[in-house]
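Participant: Letter by letter, the chains look like this.
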Amino acid sequence: MFYREAGQFKTTYGADQAVFPIRQDQVFVAIWLAIGFFLVPLISSEYLLRAILIPFLILALAALGLNLLVGYCGQLSLGTGGFMAVGAYAAYNLCVRIPALNPLVAFLLAGGVATLVGIAFGIPSLRIKGYYLAVATLAAQFFLDWVFSRVAWFTNNTPSGSISAPPVTLFQFAFDTPVRKYLLCLAFLVLFAVVAKNLVRGRIGRAWMATRDMDVAAEIIGIRPMYAKLSAFAVSSFFIGVAGGLWAFIHLGSWEPLAFDVNRSFSILFMVIIGGLGSILGSFLGAAFITVLPLLLNQLPQWLSVPISTAMISHLEAMIFGSLIVFFLIVEPLGLARLWRIAKEKLRLWPFPY
Amino acid sequence: MGFFIEVVLGGLMAGVLYSLVALGFVLIFKASGVFNFAQGAMVLFAALTLVRLMELLKSTFSPFLIALVLTIGVMIALAWIIERLVLRPLVNQPGISLFMATLGISYVLDGFGQAVWGSDVYMLDVGIPKRPIMLFESMVPGGVLVPSEDLVAAVIASLLVAGLGLFFQKTRIGRALRAVADDHQAAQSVGIPLNYIWVIVWSVAGLVALVAGIVWGSKLGVQFSLGLVALKALPVLILGGFESILGAVVGGLIIGVGEKLSEVYLGPLVGGGIENWFAYVLALAFLLIRPEGLFGERHIDRV
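First to last, the sequence lines map onto chains A and B.
According to the numbering used here, the residues represented by the first sequence are 337 to 690, in order.
According to the numbering used here, the residues represented by the second sequence are 11 to 313, in order.
Hints in this document: simulated from the structure, not taken from any laboratory.
Backbone N, C-alpha and C fix where the C-beta goes; we use that ideal spot for every residue, glycine too.
Below are the DMTMM-like pairs computed for lysine to aspartate or glutamate, each with C-alpha atoms no more than 20 Å apart in a straight line:
no.	chain 1	residue 1	chain 2	residue 2
1	B	229	B	16
2	B	229	B	285
3	A	465	B	253
4	A	465	A	551
5	A	465	B	307
Calculated from the model, a selection of chain B residues having no Cβ within reach of chain A, i.e. all distances over 12 Å:
no.	residue
6	18
7	87
8	159
9	168
10	175
11	196
12	200
13	231
14	255
All chains, please: the whole structure from these sequences, using the hints.
Facilitator: So, in structure tokens, the structure goes:
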């Protein structure tokens, strides 16, 4: 009864085509936004914001971008870390070389740079499919890793290769406390989620999904595969580039090329798969799961007060993390978003029998 | 000239080592369509198991042989466990789920191997001679210096490939494996038990991983970074084609030579350290010409 849409009549086309046509969804989203913008900043501790919520928001943005590419357009990519690095280093270089530029603008421009790089590395997808493409995107990852660690220009000739980001401000308002950083990231995430949601239900999103489901058939009904695939790479890289800029400037503050290595790519791919391919909500759920899980696993021995060495903890952590991923894939191959969908179905009737 | 030959030979030897790892990938992909990212972790796990068992069995008459037999047993058991716990529940899932599952397996194997066997660097000495030898002294002034361990590795790899070729062509199980690779459903309908075949193929891949682990391990020492050779094998894989054993070998040789040549002649120009990505870019360039790799099967898409 909590999720019953009976009695909600649509009298205009506009109402029927709304992003959330069902009232319960609207209420639900409004509640979450209220919690996110008002309640969380009030009650969260600094540690919670800095160690969990800010990384979660930024990685959710990256996962959202990757989900557009992998989940909606069906192009498997393992180069996410590399594209995040492009965003981070582009934002840094824009800020350093054009001092008048506001970092927030630099993030968006960096997203644009990542878009161009993404399109360049997306071009092979026109010829190559499936796992071949996945390995080809690894080429992007390793090449970008190398560029940022070897070419001194990108790091502004820093001898150690480690970079400190300039502070982020807007009209004298400095995003320096965890709460302000959190709100900034949340604002970015909400903005981009709205963009993504509208993209995937529009013409371009449908072109992506048709390409994903069967690219030959899509081509035959008049979808240009080049346009669909490259636009997916472009949009996805833009999201990921902005996320990379945020990750470097807001979360890390100072970073080395290692911050964006291939493990970052894998962890974001995990978020997308665990959360649910082809689902905006899934990107958030997956990001939350993958962000919180290692922290929990890390803390668990302390809570249980089991004395084991740190090396052992990290091995056990890897084991449990790996087994949980396999477990989730077996139990719910369509991801956490699917669980939510099932819950909604159940809530239509519950607690009544019919 | 002598130097050039030396570089090319070094590249060929390195290529053989890459092929050893790529072979494991190909075997599993052929038989089950799974892109097994855990192959690198299996190499590490096999080598760790072997080296630690050899230490435990030091007092017996032949630690290497006993440990080898035990490790083979462990790898077969591992294949069985993976089939039971991971592959069987995931039958008919999309390839990407299976790929992610093997990533999960690789985490588990890395963690488990190091938790049980320790995470130090272990020296693996199985009696492979290490002294470099001179070749072609009469033909090239100065001769060509070749590390003999690389030669041994090349011989082992060729024996392995020949053995696998015979196994696939001549034995009953090998034919069943090829049938499964061709068409799962058709194979099942003529009475080939799919699950049993998967256990076998994962076991064979485990044995290939063991051989790769022995060769790589005695070269580099057994340590965590051994698992990363999988990343070296991926360009070999896409260059040669996912479905072809021959492709893995030829691809490995091309990548090995290309990598060494680029390192020596191109590397100094751009600041070095290019071996991490050069192989990938090389493979990518090949792919643009032949999207299914050199020896991969050309798929015809039907609507």
